[in-house]
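Visitor: Line by line, the protein sequences are chains A and B. No gaps in the numbering here: position 99 of the first sequence is 313 in our numbering, and each next residue is one more. No gaps in the numbering here: position 325 of the second sequence is 1822 in our numbering, and each next residue is one more.
Everything labelled a hint here was simulated from the structure, so no lab data went into it. Treat the hints with care, since some could be wrong.
With beta-carbon atoms standing in for the labels, derived distance ranges [to be verified]:
| no. | chain 1 | residue 1 | chain 2 | residue 2 | range |
| --- | --- | --- | --- | --- | --- |
| 1 | A | E308 | B | N1826 | 53 to 63 Å |
| 2 | A | Q507 | B | G1737 | 24 to 34 Å |
| 3 | A | D348 | B | M1740 | 53 to 63 Å |
For every residue, glycine included, the Cβ atom is placed at its ideal position computed from N, Cα and C.
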Amino acid sequence: MEYDVVIIGGGVVGCAIARSLSKYTLDTILLEKEEDLCSGTSKANSGIVHSGYDPKPGTLMAQLNIEGNALIHTLSKELDFDFKENGSLIICREKEHLDQLKTLYNRGIANGVKGLEILQKEQVMQLEPNLNNDVVGALLCKTGGIVDPFGMTYAFAENAFANGVKFQCNTPVISVEKLKNGYLISCQNGKKFQTKYVVNAAGLYSDVIHNEVSQHQLHITPRRGNYMLFDKAIGNMVSHTIFQLPTQKGKGVLVTPTIHNNMMIGPTSVHMQDREDTSTTAEDLALIKELAQKSVTAIPFQSVITSFSGLRAAEDGKDFVIGEVEDSKGFFDAAGIKSPGLSCSPAIAEHLAKALVAKAHAQKKPHFIKTRQGQVRTKDLDPTAYNALIKKNPLYGKIVCRCEQISEGEIIDAIQRPLGATSLDGIKRRCRAGSGRCQAGFCTARTMEILSEQTGIPLEQITKNAEGSELLKGEIK
Amino acid sequence: MKYDKDLIIIGAGPAGLAAALSSKENGCTNILIIERSQYMGGILNQCIHNGFGLHTFHQELTGPEYAARYEKSIQDQHIPISLNTMVLSIAAHSVTYVNQTEGLVTLTCHAIILAMGCRERPRGALNIPGYRPSGIYPAGTAQQLMNIEGKSVGKRIVILGSGDIGLIMARRLTLEGSKVLAVAEIMPYSGGLKRNIVQCLDDFHIPLYLSHTITQIEGKKRVEGVTLQKVGTDRKPIEGTTMHFDCDTLLLSVGLIPENELSIQAHVALSPITHGPLVDDTLQTSVAGIFACGNVLHVHDLVDFVSEEAALAGKMASDYVKNGEKQRNNIPLHCKNGVRYSVPQSIDPLEMEQEITIRFRVTDVFHNRSVALYANKTLLKKIKKKILAPGEMETITIKKTQDIAWNEVQALTIQTEETV
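From just these sequences and the hints, can you work out the full model?
Guide: Written out as structure tokens, the structure is:
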């Protein structure tokens, strides 16, 4: 098959780039190695949209953060994904470190961050009464926000798909070969793709893909972070995202509400060798527990509903690697996208698309579809609208996931919509069935049945995520 | 005020069904049972083992047989029930639910009986480190997949926790040809019934490791193994005591949590120990007109006692519907010295029934110890017990006819004592 552009990687960056490119007359395909999009770093992170006070002024990261934050504000409306500007607080607990708040404030101003304010103890405690009482001050960043990282990724992907981009999952790339006029991409499943341009958005493997075609080698060290997620019953312990002032001992951990009203703490930051090791460890879980309590003293740890871990793709050069590769024309990197990568993703996409489009002399599509409709969520509907929906499709009145109140209609939508779910985790990320306090204890069996009914996959072959994660081991006697 | 219904019962498991029958027997006619699943009987439907009904029917029945008897009575009595119907919110005297045929509906009612049962504690609540592969099941979920769907969940199994469902599943899996390698229990004693230890583990030579827990789960896509470790008296793993098991499945039977999210919406006060509503001797919660029974109130060992408790709730709710709210002067029932909790937590000695049953659990395993019940400082009753264990619910009764000036009693106390 021959394409104008092959995008390698279906995380938030790859999907955002797909969407940005889909505004132009380019024949584009995105390849994802897992069974679903949003299966790597994009599925296990803090879900924070940073305001942009942190990156060093003048860096690409700083510029992209500011632009990305603004873009997420508008795109969340156009593409119908969950985002809330809840504001961030960087708290300081030692008087002698108060000047560091000023440093961060100044850095933010230099980066062009709006809505910054240094608060006194009383103001901080008024905003967040559950904070540790030894807080002496804080930097408030009003433009900081929380986002549904899955929802945002799928929104980008679905909008790109609606505008003609093709997607293939279960397609790991094993080699990229330079041709006279473009590249030949070979995949583990035997598929080959010839293309004029390549976009490398391979996340934790973006160095491996890059090194296929360039003498200027990249090197990614996965950085693992453990998180704990709490029951919605305590979701209102904090309303802002609480960061700790970075100290010599480390960056500290955050305490934040999630966009779905859980509370979350984490992450740790451990340098790893293994790019697939997303396990949690006793030490890391103990550490985030200890550090989070420095921000919020009375965290009820009996309300933890799950813990998880994600890997960030940190490149040795410290900054993002974005743009055309010098010794490999037509090959574009979006590599080493660590934090604040989620916040930057739409801006990264715009920058990269601009460069690629200029090179390809591509034209704007006359009928670009600008908006995308997300999933209906019965829980958010007013009674009149909910009743009208049930009348139209009674399955929206049949609740399957009790904890999150997700109806059969919503689960079917998660499966049947474009680029729909093919696994239980895929369903969970799209409509939240199974992500509540019982962690799918009650709804696993029924959700498996629905997935099987809708896709024709036999029950025994239904997976939690990728192949090999089948839930059942055949029939009973 | 005219209500849509006299009584709405939330849940058609053993508690809801028994409560409905009893309220009907006691003269309440305008009843509605609301059930979220497609069947009556609740979790009994997947409990295909026997051992149910010895107290209620003096017969040993399976779970579905026990449920079927109640279902038949509900049908014979023409008590209305809405299946596939999810209650979304409740308040005093109102219930909002949704289903496919009626949509979203709010009904007013005079009384409510909470009978929502309980859920299993998930893996995440335990913070066991490792990956999140498939093959980790709460024991009840595995039971549903096997007994309702007819599917095998795994071939080589380790079970964490010795709650009754885990023990029952150890036997069930063994009978299905799977190999149950070990049951690990973090406490120095089992959380399940003695009879289940004997009939489900000992009879099948399945080892029970007390004071052990799982400290690592291996396998990225599917469980490949677990590490067991001995724990000290502080329940922390002891170094150098690791045991490894190759397995494809980990079942969790690590506790049940009463499902009180609806109760909290209605501002029903909960006990931090049972995680169920605080109730008086009429099983009325802190909100007038809202009653509770079964596993939503506190987790039971035997369904027979659920039915018994629910029958009382049904009677009391129908009394409430008939007579309205009564002025009550509840006195507290204190638990001390090895008694962890009691249900009810308070009683009104002047208004109470002729005989009331106090259900309670102890904090630890005790041999040759007594349970004593006091009114103020006066001993009402003392029962000698050969063994008391946290996994076995105990009962003690109070008789109104007891020769005591009930109007002077300020508190009752239940405690364990040395047997002399």
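Visitor: Would you say the C-beta atoms of D348 of chain A and M1740 of chain B sit inside 53 to 63 Å of each other?
Guide: 43 Å, violated
Visitor: If I claimed the Cβ atoms of Q507 of chain A and G1737 of chain B lie 24 to 34 Å apart, would that claim hold in this structure?
Guide: 30 Å, holds
Visitor: CB of E308 of chain A to CB of N1826 of chain B, is that within 53 to 63 Å?
Guide: 54 Å, holds
The structure fails to meet hint 3 from the earlier list, while all remaining hints are met.
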